Amino acid sequence: MPRVVDNQPLSDLIWKMRVEVPRLVTKAKAGQFVIIRVNEQGERVPMSIAGLDHDQGLLSIVYQVVGKTSALMTTVPAGGEISDCVGPLGLPSHVEKWGTACVVGGGIGIAPIYPIAQAYKEAGNKLHTIVGARSKSLLFYEDEHRAVADELHICTDDGSYGHHGFVSDVLKKLLDGGEKVDMVMAIGPVPMMRVVSNLTKDYDVPTWVSLNPLMVDGTGMCGGCRVRVGGETKFACVDGPDFDGHKVDFDLLTSRLSAYRDQERAAMKRLLEDPKCRLTRAVKEFTYPD
Amino acid sequence: MVEKLKLKERMKIPRAVMPEQKPEDRKHNFKEVPYGLTEEQALQEAMRCLDCPKKPCIAGCPVEVDIPGFINLILEKDYAAASRKIKETNSLPAICGRVCPQEEQCEIVCVTGKKYKPVAIGYLERFVSDYEREHDLIELPEIAPPTGRRVAIVGSGPAGLTVAGDLIKLGHQVTIFEALHKPGGVLVYGIPEFRLPKAIVQAECDVLAQMGVEFQNSTVIGKMDTVDELFEQGYDAIFIGTGAGLPNFMGIEGENLIGIYSANEYLTRSNLMRAYDEEGADTPIIRGHKVAVLGGGNTAMDAVRTALRLGAEKAYIVYRRSEKEMPARIEEIHHAEQEGIEFHLLTTPIKFFGDDKGKVRAMECIKMELGEPDASGRRRPVPIKDSNYIMEVDLVVVAIGNSSNPLIQATTPGLETNRWGNITVNPETMQTSRKGLYAGGDIVTGGATVILAAGAGKKAARAIHKYLMEEVKK
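Listed in order, the protein sequences are those of chains A and B. With the numbering used here applied, the first sequence covers 1 to 290. With the numbering used here applied, the second sequence covers 1 to 474.
Source of the hints: derived by calculation from the structure; they are not laboratory data. There is no bait here: all hints are sound.
Pair by pair, the computed Cβ-Cβ distance ranges are: (1) Arg146(A) to Gln216(B): 35 to 43 angstroms; (2) Glu232(B) to Glu96(A): 23 to 31 angstroms; (3) Pro191(A) to Tyr389(B): 34 to 42 angstroms; (4) Glu96(A) to Arg380(B): 45 to 53 angstroms; (5) Asp206(B) to Pro275(A): 32 to 40 angstroms; (6) Leu370(B) to Gly57(A): 58 to 66 angstroms; (7) Gln216(B) to Thr233(A): 28 to 36 angstroms; (8) Arg265(A) to Gln216(B): 35 to 43 angstroms; (9) Pro23(B) to Lys269(A): 30 to 38 angstroms; (10) His54(A) to Glu278(B): 39 to 47 angstroms.
Every value quoted in this text rests on a predicted model; they were computed, and no experiment measured them. From the three backbone atoms N, C-alpha and C, an ideal C-beta is built for every residue, glycine too.
Working from the sequences, and respecting the hints, build out all of it.
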């Protein structure tokens with residue numbers, strides 16, 4: 001079983017776990033994902049790759065507590081184990097030298113956009129990185145992004161740090177500023193990827209988004225991750241996870257992501273009521289946004 | 001030895017009736033439906049075998065089990081020896097005794113069956129293998145001295161497990177790579193507990209592990225290592241048994257609504273992930289009240305009977321041809337009928353409707369009639385004009401087959417496939433277009449049965465052994 005090297009909060013409900021999977025790390029590329037199971041009764045959950053340490057064979061996963069499985073992930077101690085970690089899955093992000101590229105990470109998407117930013121930079125692109133969160137306490141990976149980006153733009157919804165506003169506001173300013181941006185890659189909550197894609201469509205800038213539908217096997221066998229792109233049904237696990245943002249049916253994605261909401265809430269409630277469960281206070285105080 | 005009755009008396013013995021859970025009980029639980037024959041029943045049934053000189057049953061079996069041989073051992077009451085006799089050619093008797101379509105293989109050619117009902121070979125196979133396992137009589141077969149040759153097997157379904165069992169016995173080193181977190185392939189993710197208890201599959205895998213087969217679960221070949229990288233790592237031969245692959249959908253409006261599953265997803269959630277056990281497993285599953293399963297194969301029967309057990313009030317099979325054309329085993333159709341499944345035959349959906357939350361609430365169907373035979377030899381269903389009607393459903397499972405998963409083909413240069421993307425092989429040896437690379441099971445044939453996959457594994461193992469000993473120098 002894969003060993004967890006460390007597992008720590010980056011903010012109240014956003015955590016980073018590093019897993020020792022040396023063989024997987026040698027094969028993994030930016031933009032791919034893994035599927036993990038926390039324990040024997042656990043579900044299979046896809047996790048974007050949020051960093052690869054080739055020297056030590058470590059895979060980073062950044063996750064937000066949104067339900068039972070992610071809450072349980074916070075209880076795995078450093079030196080502990082998770083049941084499985086399979087991958088790399090999906091296609092790597094398309095990387096080439098376009099000229100000027102802009103990566104946009106919103107919320108939890110700040111993490112998986114980081115290895116892609118590294119790859120874009122290594123390919124010789126001038127790189128703008130835009131990261132945004134609801135407020136300062138939810139920002140992370142600032143130093144990492146600063147080390148890679150030619151220009152790092154930070155924003156918060158509440159104005160507690162960086163620009164006051166959304167990532168799309170910053171992107172619009174950049175696109176209006178006269179500098180030609182050749183490629184945009186956005187990862188974050190579905191509404192954010194939708195807004196970014198709508199914006200870049202007006203400016204005719206090719207845009208990739210990384211989709212995060214529900215999955216079971218992650219190898220094309222179940223078809224649970226169907227998304228609609230350009231009027232065609234695709235399986236995000238084998239055809240993606242990156243797709244042309246201008247062609248994605250975001251309404252369908254949003255809807256399908258809600259398929260198990262009631263069951264997820266019930267499971268989380270049972271977990272929070274379980275006296276044996278060793279969750280941190282912050283995680284225990286977790287409530288669903290209504 | 002049981003005293004043999006005279007031929008005439010033996011022929012008078014009626015064919016054993018499998019004791020099973022009552023339909024009204026079993027449709028609310030996931031326990032296995034047939035209980036298995038009692039010892040007394042098995043002995044009676046064994047007497048029905050004429051031990052005829054031609055033994056057509058052996059030729060009828062895709063893996064050529066010595067059927068009269070094992071039945072004679074039942075008459076000697078040496079059930080474990082009977083099971084071992086089967087294992088000489090079939091590594092998976094407890095599984096095949098349950099899921100093989102004996103009625104169209106060994107039993108259809110049974111000489112007893114010419115005048116009476118055929119000997120219940122499948123029931124007997126199950127009886128002896130269960131007896132052996134339940135009485136802790138499983139003995140590891142003798143293993144030849146190490147040959148120094150290494151074999152990689154991709155996929156741990158019936159084909160892969162068969163290849164592994166045969167090659168480890170011959171002294172080769174065998175590693176199985178499995179993409180999922182548990183071995184067994186379709187036996188674990190696809191076939192439900194009530195038809196094939198998972199503990200039996202696990203027991204078969206445990207025996208292989210005790211014989212020295214190495215299992216590497218959660219390893220996706222084509223993503224982790226490619227076939228060529230496995231060769232570079234020192235595997236002398238590789239067998240690909242990756243199974244059926246990507247689920248087909250109808251391609252009609254509304255098919256991505258919440259509550260429309262592929263059979264693969266629905267069954268994987270329930271079987272591999274044990275979603276039916278709400279307390280003991282975290283994976284959710286939608287429990288429909290009115291469930292339609294599209295298709296007429298064994299997978300469709302498995303899905304519709306699962307829906308019933310997950311609390312459906314109404315569970316329908318919707319199939320575009322008539323009952324005669326259904327690919328499912330008669331026994332499975334019969335079991336489904338007993339449990340109260342409604343069959344909407346000569347019917348096909350043309351559109352799905354959702355509610356304001358994106359959940360399926362109904363489907364529009366059209367009635368069909370049978371026209372001229374198509375390429376498959378079955379009469380082609382043709383829509384009847386203006387026969388449309390609306391069927392209320394809150395869960396739909398699409399069980400209309402799979403197309404091949406391209407993961408291995410796309411990462412293995414020089415590997416030839418047919419126009420459906422299935423790997424092409426020499427039918428005698430199961431060798432692909434690449435030297436040392438073999439394939440079998442659904443990845444070659446498209447969706448078929450457990451025993452045909454095992455049969456392909458058998459052939460491949462024979463050819464791989466020959467190749468390893470004659471062409472791989474150590």
